[in-house]
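Student: Based on the provided sequences and hints, a complete structural model is requested.
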Amino acid sequence: MWKGKKYSGRPTMKNGLKFENKTKLSDLLDKHPSFNVDVNKVYFNNDEVGLIVSQNKLYKWLDEVNPNWKNLTNKTLNPDEALLNKTNNTLYIIEKKYQETEGSVDEKLQTFHFKIWFYEKITKDLNINIDFAYLLSDWFFEQKYTQGWREGTLKYQEILDYLDLNNINVFRKEIPLDYLFPNMNL
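Per my numbering, the very first residue in the sequence shown carries number 1; after that it's consecutive.
Incorrect hints may have been included.
[To be verified] Lysine-lysine pairs mimicking DSBU-like chemistry, simulated, CA-CA at most 30 Å apart:
1) K18 <-> K31
2) K86 <-> K57
3) K124 <-> K41
4) K24 <-> K75
[As the list claims (entries may be wrong)] So the derived label-pair ranges between C-beta atoms look like this:
5) D30 <-> Q157: 30 to 40 Å
6) D30 <-> K86: 17 to 27 Å
7) Q143 <-> E64: 36 to 46 Å
8) N78 <-> L154: 22 to 32 Å
These aren't lab readings, by the way, just hints derived from the structure by calculation. Predicted, not measured: the structure shown is a model, and the values here were computed from it. Yeah, the Cβ is synthetic: ideal placement off N, Cα and C, and Gly gets one too.
Tutor: Here it is, written out as structure tokens:
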């Protein structure tokens, strides 16, 4: 049995949680003069336009609108952020990824197919659209190879290209409000 120092993902998780807290949708919306978030309800000029259902709040909302969703799956995925836009009937799922060093995030970024399929499955009776996006830290856009035949290219360029090829929105640092509310003049 190995008795050396055991590595854990705690430092990465701690920094990831800081990134998630720094990029909360409710804070972003509250900064805009026309938006207001009260508990989880999103208002635009005092009209309710959305609902923030991030993490396990998604399943509390599903319990209210379609208690039968539990018959469709035997697991749950907690989205880092989720917003139901009531003006265009779209559930925006946003996964946040933070990196400071190379790690397993490469594989995590490639799981969007399953996640979209899963969220479509558990909401199929609600007649809503699913839109999936990533919010990535600077690491993914700044880390370049420093030598060899790839010198000067982004380490994550192929993954970013693959996401683009599959129409997955990728944002850096902040989610644009016109992405979440495309039918409003923001």
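Student: Decide, hint by hint, whether the structure agrees.
Tutor: Status of the hints after comparison with the structure:
no., hint, verdict
1, K18 <-> K31, "holds (19 Å)"
2, K86 <-> K57, "holds (16 Å)"
3, K124 <-> K41, "holds (22 Å)"
4, K24 <-> K75, "holds (25 Å)"
5, D30 <-> Q157: 30 to 40 Å, "holds (35 Å)"
6, D30 <-> K86: 17 to 27 Å, "holds (18 Å)"
7, Q143 <-> E64: 36 to 46 Å, "holds (42 Å)"
8, N78 <-> L154: 22 to 32 Å, "holds (29 Å)"
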